[in-house]
Amino acid sequence: MTAYNTSDLYNKYVQEQSSGAFHAECINGETYEHILQQHVSNLYIPNYFIRIGSALLTIICILFSGLLLGLILISSDEAGFIGLCIFMAGLCYAALELLIKRKGYYNAGVDNILLLSVLTLLISALFILDFSEQFTVACFFSTFICLWLCRRFTDSFMAMLSYLSGFMFLFLLYIKFGTFAKATAPFMLMAISATVFFVLKRTYRKTDNVFYKPSLKAIMLFALITFYVCGNYFVVKELSNQMFDLQLGLHDTIPMAWLFWIFTAVIPPAYIFYGIKNKDLLFIRTGLLLIAVTIFTVRYYYSVLDVEVAMVIAGVILIAISYTLIRYLKTPRHGFTFANTGYAAKDMLNAEALIIAQTFGEKATVDSGVQFGGGSSGGGGATGSF
Amino acid sequence: MDVKLFEKLFQQQLISETDLEKITLQQQAPVSVHWDVRTLLYLGIVLLTTGLGIVVYKNIDTIGHDIIIIVIAIACLGCFAYCLKKSKRYSNKKIESPNIWFDYVLLMGCLLLLTFVAYIQYQYNVFGNRLGMATFIPMVILFVTAYYFDHLGVLSLAITNLAAWAGISATPLKILEENNFNNDQIIYTGLVLGLGLVAISFLSKNRNIKEHFAFTYKNFGAHLLFISCLAAMFYFENIYLIWFVILAGISFFFFKNALKENSFYFLVITLLYAYIGLSYAVIELLFLAGDGIGAVYLGLIYFIASGIGLIRMFIHYNKILKKNDSI
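These protein sequence lines map, in sequence, to chains W and P.
Per my numbering, the first sequence starts with residue 1, numbered consecutively.
Per my numbering, the second sequence starts with residue 387, numbered consecutively.
None of these hints come from the bench; they were simulated from the model.
As the structure is a prediction and not an experimental result, all values here were calculated from the model.
Heads up, some of the hints might be wrong.
What the hints assert, rightly or not - Sample of chain W residues with no beta-carbon within 10 Å of chain P, all distances over it, derived:
{"#": "1", "residue": "I86"}
{"#": "2", "residue": "N209"}
{"#": "3", "residue": "A339"}
Stated by the list, open to error - These stretches of chain W come out as covered by chain P in the derived footprint (C-beta under 8 Å, 3 or more residues):
{"#": "4", "segment": "31-41"}
{"#": "5", "segment": "46-57"}
{"#": "6", "segment": "65-72"}
{"#": "7", "segment": "156-169"}
{"#": "8", "segment": "295-309"}
Using N, Cα and C, we set each Cβ at its ideal position, and we do this for glycine too.
Bound conformation, chain P alone (with noise of 0.2 Å):
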């Protein structure tokens, strides 16, 4: 804090002697670093088990695989007999973790139950051809996990299972590259799923079930569903038409949710998924009506019109928004 500031401002008797003396004093607290010892932390957890996991992996011959398959196994119960014996009790509220290595505890437990799971189907086919099994057991182990012990990041990993079992692959930044939206398939599995995640935040929410799960169930869904939705206006192009209608229709459902929320996220993201969907709409209605140059005038004038009238929406309700913030 800049103590010349505050020494201007006692002197305009905006703060007092007391306040100013707090501010000097809290020159002198001690500074936080938690955050980069945290960060420090996670990239050695990263780097570890990564490392390990190639070690394992160029050794598998010498090592075998019934020695690997029991030592993961025995990692996995160790860390999830550490929680138990760690954790509080279950409650509907948010829990806070008892103690900082407990979080890290926790996950890689998932992580090798995920990676013991996926070694025993290669090794001894447990599952045979019932391959949605081998997504679906851990998975509910992962749900249970995440609510039992009061964790966000094992919940993300559990819906990215969930979406996995579904057929869908929701790592954030592979949703687009590694799924074949053009595929009616998928789309449909993308609509159901993220309408369902959807619900389950509202339901989180209402139902005072781990509330702050709601805000991780509806990001996952919301992505998702605007996506298929999207996906879906492209590929079925003949009746384009009415799932524009239908994505006007959750956007602004989502756009009302942001609002009533506050949410400046939700409403960025809602408005952006629409803007794609309009856009899409606009430019097939104008080269419908005709394909010279004027459509192209027009398409170009559409969008800077339609950058610059978003642009003020966003300074609109930015306002709006921020009248409801607290200090």
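One chain only, chain W, in its complex shape (with noise of 0.2 Å):
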């Protein structure tokens, strides 16, 4: 089944898990300590700025080892490029295999590259040549690929483009069955995607199999978000306007337009509230994110107010939100707190201090309008807007 020694990712994951327990304080230093000694995982999961640099040279190899093959085996006709893409994506899967066989990369950065360029030669090759309704049938590929390579090397990202994928094959499927079908596409993919999401729900909950975990947690976040999204007024009309050539204008309505405002309106919110019911994060971010795409397709259709007095108004509820939750939840209430329970306290402000650098290094001089002349040290040649 997968191409991991199964106890190395169990050993992994009860190392994770009492590495959660002894930051939360569940567990003393020796109990932990003792658990790692008998839970050895011969996985090779770098650092993350590790893994970064890892996946740059990746892709640095794959692209000149490509460049390299297309010398060596020149050919300028489609025939060569298809099979260049697929002995690439050949010889990739290889090095996959045996990375993971011989030296158990895990999220190294090398592995995820390498799935990815497997699944990309492979669709590339089926672009090459044209012919008719050649993206069905890529997206038809790409949700098995995908599918085999998550199952292979449990991988969360693949399982999500393998949702994605699939998805997309069943809506330019459906789209095929006449006007009827046309019509009633919204309320199909919305139905698949609640019905995706409650049985992984269920499987989440029941299944022993840890390792997949994080692949059945991924669809379920993309399967909320799809079942926004196809309920979404602007998806539906602009989506509908450029595939069945409908010719509408900004304020001409599609039938059903009000169904369309509600689910636009009220799924946001009904994620948050259920994710506050349920102490469920996942949900909580997933509609504070939707609330905000909410505001963008209602600003779209009727811009009432100016940019900048939306964007003070927004301000001004988004601090006086959080002023009173951090008030509010100062005690713990209802299964909440503001308290940094995170051990990551001390990256997440290192980080925070580039984003401040980032966004507001030269925001000041520039909300007024304000420039200084090029050359702040006495002609010393700057370019920057300083």
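Starting from two chains that each stand alone, build the complex the way the hints lay out.
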């Protein structure tokens, strides 16, 4: 089933869980150490920065290998390119299997990029020649390639891609069944999202197979998002406008517009409400993000306020909400607390400093429309905006 | 946490019964929404200040400059007064901020200060042609503020201002975009500034003056230094090998330092910058040796081999650094 040694995967899971327990001060250091000694994992899971570095270098390696192979097997016809793509995909896959078997790479940057290039190369091979229904066919294949890669390498990113391509495929297939299908497509897709979500939620709770839990969670997140997106007024209107050539203007409506407006407005708060009730941060965060999408949707059709006024109002509301929450949750209530129980606080502060330099670094002078003349140190030849 | 798993661990006698009880209890522990709320607050502040900025800018004719300047000055003074009232005494050590609002109020005060200075320069030309003064004064205030109130964000603002004063844009994502490195003046400025910042970083650490500021100094300094050095390599084409040796020296220094301090971050950026320099030198040398198809082949093979080699190096040092990692 999976390319990894399952006991390695299990031990990694135990390590993560007991690390959580240790940091929550449920077990002492001695016990934690003991558990770690009993559960040695041979997976190679490097530090985040090493991952990013390795990923960049892997891209360089694959790119130049492709160029080299292309030069050696010089052939400019399409069959040659297709052959090259498939051959490279095969090479990447072989490298992946080998690296995992020998070294146990797990989310090491290298394996993630190899996985992605297997998929990209195979799908590119499909797009070299033009044929009808190309996109539908590509979605179909991508669904199963990703599903296999997810199964074999327990990768949640592939799980998500598999879900999205399967979703696209069903959509493209369904609208081929005539006008009735076109009119009901949003509802069908919402029904699919909901079904996928509830089935996976059940599986997530029941399964003992801990290796695929992140993958399940990833698909659940995207099922929540597609459920909203398919009911969103902007998406439904503009997509049908584009795909079925309806020639609608900005203020023309679509059939059952009121229903889609209700979906657009109700789903995000419903997610947040559900999340608060069940202490599920996944729902709360998704809901918050989708509220922003809803605001943009409304503004697209009915921009009653100027952008800046809307920004000021939104800013005031956000500050008011967070102010209330900080005061309210000072002492834990309803299962939520403002106290920072995470242990990554120091890293977060350094990251925050960088974000401040990025967002405010030059804004303060630009906001008021002021520009210093070029060259701020006696004609130092500065070309920046300061 | 996965209670089922811990029940299993309990059966294997790896954890005691009290441990298991604590873990089961932990399931009912409140969920922390600290960073969620902070993100919302941050977003709100960004929206509010940007929105207000645009409103003021659009209505400048009706409001009048003087009033706006006075309002900005009052708000700025208000922010600093609040911070002075709330703050604890200065210390060389890290000071925890008295409350969650403190950091934001201080940041707002600093941003208003920057706007204020830029505004009076634009409107009344206070500093005349001595434009350097218009960045120098806020820079000094920012540094003092950062040290007195212990605020990393203000410190990074101060460093960006210092770079601006020297004539370089050091905003993280704009460092390449907005600087024209095809100019020896800016290259030398970058080198000197980078070296200076790195030196300050080591001073803070060794002298124990705000030790936690060291990372921010070193981060800005290292990127500036590496980028200027690479730019020098590309710009002074005739003597690029000399600059390559300098780059190698700097890289070696940072590399040793990263190993000493167990810093994955500096290890990775050092090796990547050094790799860019090395690749440039190798390609130049290859095309010097011959410009036929052979050179192209060798070049491609170099990239594949060196890429794999560097990944192996990452793996190797990842293991070494991890060993020294505490649990």
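Which hint numbers doesn't this structure obey? 3 and 7
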